[in-house]
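J.: The lines below spell out each chain.
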Amino acid sequence: MSVIEPTITSPIAKTVSDGWIATRRNVYKLRRDPEIFIFSLIQPIMFVLLFNYVFAGAIQVEGGDYTQFLMAGIFAQTIVLSSTYSGSAMAQDLKDGIIDRFRTLPMSSAAVLIGRTFGDLVINSSSLIVMMITGFVIGWRIDSSLPEAALAILLLLFFSYAFSWVMALIGMSVRSPEIINNVSFLVLFPMTFLSNAFVPSETLPGPLRVFAEWNPVSALIQATRELFGNIPVGIPTGDSWLQQNPITTVFIALVLMLLIFIPLSIRKFKSISSR
Amino acid sequence: MLAESECQLSFIQANNLVKTYQANKREVKALDGLSLEVPKGTVKGLLGPNGAGKTTTVKVLTTLIEPDSGEASIDGVNVLENPEAIKRMIGVSGQYAAVDQKLTGYENLEMVGRLYHLGAKKAKQRATELIEMFDLVEAANRPVKGFSGGMRRRIDLAGALVIKPPVLFLDEPTTGLDPRSRLGLWQVIKDLVSDGTTVLLTTQYLEEADQLADSIAVIDSGKVIAEGTSDELKMQIGGQRVELSLVRIDDIEKGKSLLAEISQGEVSVGNDGRTISAPVDNAPSALQQSLKIFAEENIELNDAGMRRPTLDDVFLELTGHKAEVEA
Chain B
1150 MSVIEPTITS PIAKTVSDGW IATRRNVYKL RRDPEIFIFS LIQPIMFVLL
1200 FNYVFAGAIQ VEGGDYTQFL MAGIFAQTIV LSSTYSGSAM AQDLKDGIID
1250 RFRTLPMSSA AVLIGRTFGD LVINSSSLIV MMITGFVIGW RIDSSLPEAA
1300 LAILLLLFFS YAFSWVMALI GMSVRSPEII NNVSFLVLFP MTFLSNAFVP
1350 SETLPGPLRV FAEWNPVSAL IQATRELFGN IPVGIPTGDS WLQQNPITTV
1400 FIALVLMLLI FIPLSIRKFK SISSR
Chain C
171 MLAESECQLS FIQANNLVKT YQANKREVKA LDGLSLEVPK GTVKGLLGPN
221 GAGKTTTVKV LTTLIEPDSG EASIDGVNVL ENPEAIKRMI GVSGQYAAVD
271 QKLTGYENLE MVGRLYHLGA KKAKQRATEL IEMFDLVEAA NRPVKGFSGG
321 MRRRIDLAGA LVIKPPVLFL DEPTTGLDPR SRLGLWQVIK DLVSDGTTVL
371 LTTQYLEEAD QLADSIAVID SGKVIAEGTS DELKMQIGGQ RVELSLVRID
421 DIEKGKSLLA EISQGEVSVG NDGRTISAPV DNAPSALQQS LKIFAEENIE
471 LNDAGMRRPT LDDVFLELTG HKAEVEA
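Residue numbers (the numbering used here), protein chains in the order written: chain B, 1150 to 1424; chain C, 171 to 497.
Careful, some of the hints might be misleading.
Straight-line distance between alpha carbons at most 25 angstroms, and here's what the computed SDA-like set of lysine to any residue pairs gives [stated by the list, open to error]:
(1) C:K272 / B:Q1241
(2) B:K1244 / C:G320
(3) C:K424 / C:N468
(4) B:K1417 / C:E254
(5) C:K195 / C:I235
Some but not every residue of chain C turned toward chain B, in silico, with C-beta under 7 angstroms [what the hints assert, rightly or not]:
(6) D270
(7) M281
(8) H287
Just so you know, these hints were derived from the structure itself, not from any lab.
Bear in mind the structure is a predicted one, so any value in this text is a computation, not a measurement.
Beta carbons: idealized from backbone N, C-alpha and C, even for Gly.
Just chain C, same shape as in the assembly:
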């Protein structure tokens, strides 16, 4: 029983973290009472826009910066009081914790192994293993500078795995990558987490959180504003949606107001500028109705359908709502 209840305990824990920066003589609250729990062996996605506090959270947990107040621990070890012990348990990879561009992939990994004090032999052996594991054999002896974006992220990720740490922090692991490299890296991360590593992953991409994380915390302005599995978050925004894609972009305003008449919430516009969607009560009848109205108004459609909400919808709803309160 005891063992079981221990498993339930959070492995990574952050309580009420506050961090204020001075920027241009203004105080910026990077973290405003952020609390977070990650159970052992699970992947937590930290989802939020630029400047939401994702990286600051990771920096506090990886001992890089001290919060103004609040507490954090990993596996019961206090991050603020015992940073040296924390450093022996974590691997960090991401947009900031980089590798040396002028060293080769192999030199970087061997150096990290030496700095974990593995000794010359073990550090070399581990570097070779990781180079093979991450499919970088051909590039191993070239400076990282010449690597493609995807290869660079892989070597960066390999750098986080040198000691096979039980806890992994991945800060925006695929930001700036092309879709194909992103898919490749997702597969690498999925393989990694299948063997029980506890992971805190930050991302701006909802799809990435959806793909990789067991549970997602949506953060904005330094606070967690929603938390749950991706299904739970989708439930929060309601049931199904109707989505219509317009032939003429000029019709967008009219289309929005027409769809608003039958929707149960805000009409959102997709990135392409011609796809509109809205939450509805009864999707089939709402779809029928909207097709009829749009035909009457002579608005041509490329596509029309029903779908469950995506995390994009959740995110817009949550952060959009917040912005209104602030204004």
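Next up, chain B with everything else stripped away, as it sits in the complex:
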């Protein structure tokens, strides 16, 4: 019995090929297990409708309509929360021993993480489309140019992609899908609420207001609102530099997250094993 030799030998070709195979695995799994996918589409619809009809009457947004104000907040909250899945899926793979199998194969150490984050990008893109359609139905409109709207969508998706790497590292570190879900609820949920997602940050009491203004999620929401043309010009946008320069802030946050968490996650992957 002689060993079957590989046909791909260059390191870059290997990373691309392995990354694709690992992404494909997650897409197969979504197709086979559509509950996760369906839930990730139903939840944002529910949020859009709940917040719009429950809060719209009570919350006054200066110079504007609450539906226009709300949508960017829902977009950002949904993609930040759904990054939880990147973490819990890594923890689950570790628990199931699949990571061990992968680590005994001569594949690229980045591949499983590439597959995870790209697979989750598929979910996030789909839920963003569903949310936008739901928004259109209840009266949300894009009031800007096509390039600006496209940039808003790209920022949201890139942010979700970068955040997936952060959560993947956490998933590999805590090793329990259940803990990840709890951490997510305790950290990400307040983080998305203590922002300008549902109310203008200036209406929040002192310390919360400071937190909300310096929260990068607020910058993402502010940037998205501006780019979709959902905020009337001249509305105060908060005093922090983050709020004044939201697009720059989001770019910096994206680059920092990717630069820090891609190498850390890959390094973590090279040393993890079940039990």
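Guided by the hints, dock chain C onto chain B, whose structure is given.
T.: Same frame as chain B, but now just chain C:
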């Protein structure tokens, strides 16, 4: 001559491996100076209870974890310095290196082939071959989740064979299987090793080691405590044994003390709670004697006989002994 002496060299070699884990703020020595040699083309059984260090040993040799100290090599390639080359030589299957439950059997095997960089065509071809070889054709397009335990182990084993590796690690390949599936899987493994693959097999089952391994290393607390062929290990515990099966379980204590009077070592009790056995010098006369004593004491027997020691006896003797030293 040179070729011959090369064949004698160990293919898998581990020297003085030490690995310490932190568990609940206590240091646990998973490996405590474990050394191991597996000659080319042979099957080595690594036998030990849960937590003895079997899986840790396999994880070190398959590049999954780094030991605190010690060295390991496969076919002269250093496992710690050149893990990428090792990964091209080994196949791993077992309780931890699993397949994806949500993918089908075919998808799993094709994926593994692609990740060995066989290319799309060869990976598909090899997956189909393995599906046929392991008699999984009907289940090939169903998710592994719905497979029976035996089928799942077969697909797992097939995953280890995708590149026809010269070295195979099987970590508790039949743990949790029913006896019939276990027998089936043993046959599969026997067929595999007949064509010269070098195998390191871990197991909790003495019978499994006895059936599959050319040579057995008994490990406990991270060390090899005995090594040899199954016959050699059996010799270590002495000659023949007398075995008696009692009708009434209540008689067990009395039976043990009676048998102890004529035995040359410790009396052991079988899993059924009513079978007692002990090593003796002259089995026929010891059997006669014990039958007489038991009749006098009115202890009824289901069965009585002489037998050679099993690996169970070896194991109890070895690890039991160790436990006494520790206490």
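J.: Taking the hints in turn, state whether each one holds.
T.: Okay, the hints, checked on the actual structure:
Using a Cα cut-off of 25 angstroms, the hinted pair K272 (chain C) and Q1241 (chain B) holds, with the two alpha carbons roughly 12 angstroms apart. About 21 angstroms separates the Cα atoms of K1244 (chain B) and G320 (chain C), which keeps this hinted pair within 25 angstroms; it holds. Proposed proximity of K424 (chain C) and N468 (chain C) is supported: the alpha carbons are some 11 angstroms apart, at most 25 angstroms. Taking the CA atoms of K1417 (chain B) and E254 (chain C), the gap is near 17 angstroms; set against the 25 angstroms cutoff, the hint holds.
For the given pair, K195 (chain C) sits about 20 angstroms from I235 (chain C) by alpha-carbon distance, which is consistent with the 25 angstroms threshold. Because the smallest distance between the Cβ of D270 (chain C) and any Cβ of chain B comes to about 6 angstroms, under 7 angstroms, the interface hint for this residue holds. With 7 angstroms as the threshold, the beta carbon of M281 (chain C) comes within range of chain B, its nearest partner Cβ sitting at about 6 angstroms, so the hint holds. Residue-level restraint check for H287 (chain C) holds (minimum Cβ-Cβ distance to chain B is 4 angstroms; threshold 7 angstroms).
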